[in-house]
Amino acid sequence: MSLDYVKFSTGFEKFMPKEYRDMVEHGPFGRKVSVSQMGTFKEILEEHPMCAGCAMTLFIRLAMISFPNPEDTITVGTAGCGRLAISQAAIPFVYGNYGDQNGVASGLSRGLRLRFGDKPKDVVVMVGDGGMADIGFSGTLHSWFRKEKFATIMLDNEVYGNTGGQESGMTNKGAVLKMAPLGKKFEKMDMVSMAKVAGCAYVATVVPNNPRRVESVIKKAVLIAREVGPTYIQAYTSCNIEYAIPTDKVMEDAKNVENDRYQFSEYITDEAKQYLSERYGYKEFLPKPAAAAAIPQA
Amino acid sequence: MYLVANISVEICAATSCRLCTQFCPEANTILYNNEAGKEKGYKYGSAYVAVDRCKGCAQCVWVCDNMAKHHAIKMVMIDQLPNAAITDNVTYGEKSTTAQLASPVIG
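The listed protein sequences correspond, in order, to chains A and B.
Each residue of the first sequence is one higher than the one before, starting from 1 at the first, in the numbering used here.
Each residue of the second sequence is one higher than the one before, starting from 299 at the first, in the numbering used here.
Hint data in this document are derived by calculation from the structure and do not stem from the laboratory.
Among these hints, one or two may not hold up.
Claimed, not checked - A few chain A residues that don't get close to chain B, going by computed Cβ distances all over 12 Å:
{"hint": "1", "residue": "5"}
{"hint": "2", "residue": "178"}
{"hint": "3", "residue": "180"}
{"hint": "4", "residue": "182"}
{"hint": "5", "residue": "184"}
{"hint": "6", "residue": "285"}
Unchecked claim - Cβ pair distances, simulated, as ranges:
{"hint": "7", "chain 1": "A", "residue 1": "113", "chain 2": "B", "residue 2": "369", "range": "46 to 56 Å"}
{"hint": "8", "chain 1": "B", "residue 1": "332", "chain 2": "A", "residue 2": "93", "range": "27 to 37 Å"}
{"hint": "9", "chain 1": "A", "residue 1": "14", "chain 2": "B", "residue 2": "350", "range": "15 to 25 Å"}
{"hint": "10", "chain 1": "B", "residue 1": "332", "chain 2": "A", "residue 2": "17", "range": "19 to 29 Å"}
{"hint": "11", "chain 1": "B", "residue 1": "400", "chain 2": "A", "residue 2": "196", "range": "50 to 60 Å"}
{"hint": "12", "chain 1": "B", "residue 1": "381", "chain 2": "A", "residue 2": "113", "range": "46 to 56 Å"}
{"hint": "13", "chain 1": "B", "residue 1": "363", "chain 2": "A", "residue 2": "259", "range": "13 to 23 Å"}
{"hint": "14", "chain 1": "B", "residue 1": "314", "chain 2": "A", "residue 2": "116", "range": "22 to 32 Å"}
{"hint": "15", "chain 1": "B", "residue 1": "392", "chain 2": "A", "residue 2": "17", "range": "43 to 53 Å"}
{"hint": "16", "chain 1": "A", "residue 1": "8", "chain 2": "B", "residue 2": "400", "range": "22 to 32 Å"}
Backbone N, C-alpha and C fix where the C-beta goes; we use that ideal spot for every residue, glycine too.
Whenever a hint applies, use it, and build me the whole structure from the sequences.
See below:
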């Protein structure tokens, strides 16, 4: 949980694999990187077993680059496709039992605050729609109602992709899937509204076809979760296998879905706006200067 | 044999877009060399693919054709590539990477 944990033990440099040496010497630890520099530095994420063309992997890759302090970040996940990539990164990953990720993250976040005091240590939960909206639903909502300070990110592929295509609460009404041949009978769950009702300080929906926007919302969510309260990001990360999207059309699908039902939305409380502007210099949230008094007409 | 992405330096180095590096689902697969085009007299550097990590999804081809509209990336059978970059031959610098190009097929 500091810059020291990625460094070599003295005398072992020459025995380390090339990827590891690149990570220590040219990784994002201890310096600022952004999506516009992608391809010129060694990323936290390594090779992973996710399917070719997976939009979820792209989102995870962008998220890993967007963490404000990767050396002080722990990710928490659960069963699902996402953990196959999240666990292949050079930051600690905690694998919860199915559905208990927000409970694990609550304890972790509180423990880190006790141990490290004011030094920010970020906990980021990244799980799929099944792990969060179905099986981990009560744990997720409870952590928000308790105002646990960590970021929660839903990788919403609208299906149980890892187990063959069962419907989840986040599947759209009427969708016919391999393991849901009659079509889904009820509407997609509105987790965004629930997050707002439960008291999240920042709620956003994104689609990974805009990397800069993904970077921006993840940075804000992690920073706000340090002191203000729980934050929630819902990302559309299509499953090209279960929804039979040709791999080269994944971004076209993301664009269509964004225009159709997954428009970018951002909800931020006044307290969070003030925190971001005062602590981290977010100019867009600075209080607007009072309007000048109208000149009286002669 | 299988398909991997191949980026035309001549087209890529004429622009500064870098979009493909931001849309590849694989980490450190589409890399960027600031000097690749300048050596050949172009204004900018060029992206290139570490072919041992490319899974052949062609997402970069769609992004280059439809978002950037440069048509610089094509899918090529790996044994049809005389020279390509692989991860072991990539060197990271301060703000750029370079790769020693060699035949990607052993034997």
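Requested in this report: With respect to the beta-carbon atoms only, verify the hint that residue 381 of chain B and residue 113 of chain A lie 46 to 56 Å apart.
Outcome: holds, 53 Å
Query raised in the report: So is residue 178 of chain A really clear of chain B, every C-beta pair being over 12 Å apart?
Result: The assertion about residue 178 of chain A holds, with a minimum of 21 Å to chain B.
Report task. For residue 14 of chain A and residue 350 of chain B, compare the CB-CB distance with the range 15 to 25 Å and indicate the outcome. Result -> holds, 23 Å
Report task. May I ask you to check that residue 5 of chain A keeps its beta-carbon over 12 Å from the closest beta-carbon of chain B? Result -> Residue 5 of chain A clear of chain B: closest Cβ-Cβ about 20 Å, beyond 12 Å.
Query raised in the report: Is it correct that the beta-carbon of residue 180 of chain A has no partner in chain B closer than or equal to 12 Å?
Result: holds, 26 Å
Requested in this report: Go ahead and decide if the range 13 to 23 Å is satisfied by the Cβ distance of residue 363 of chain B to residue 259 of chain A.
Outcome: Holds, at about 19 Å.
Report task. Confirm or reject the statement that residue 184 of chain A sits farther than 12 Å, beta carbon to beta carbon, from all of chain B. Result -> holds, 27 Å
Requested in this report: Take a look at whether the Cβ-Cβ distance between residue 113 of chain A and residue 369 of chain B falls inside 46 to 56 Å.
Outcome: holds, 52 Å
Query - Verdict for residue 332 of chain B, residue 93 of chain A (Cβ pair) under range 27 to 37 Å - result: Holds, since residue 332 of chain B and residue 93 of chain A (Cβ atoms, about 33 Å apart) stay within the stated range.
Query raised in the report: Per the hint of 22 to 32 Å, is the separation of the Cβ atoms of residue 8 of chain A and residue 400 of chain B within bounds?
Result: holds, 28 Å
Query raised in the report: Do the Cβ positions of residue 332 of chain B and residue 17 of chain A conform to the proposed distance bound of 19 to 29 Å?
Result: Cβ of residue 332 of chain B to Cβ of residue 17 of chain A: about 26 Å, so the range 19 to 29 Å holds.
**Report entry** Consistency of the no-contact label for residue 182 of chain A, given chain B and a CB cut of 12 Å
**Finding:** holds, 31 Å
Consistency with the previously given hints fails for numbers 14, 15, ordered from lowest to highest.
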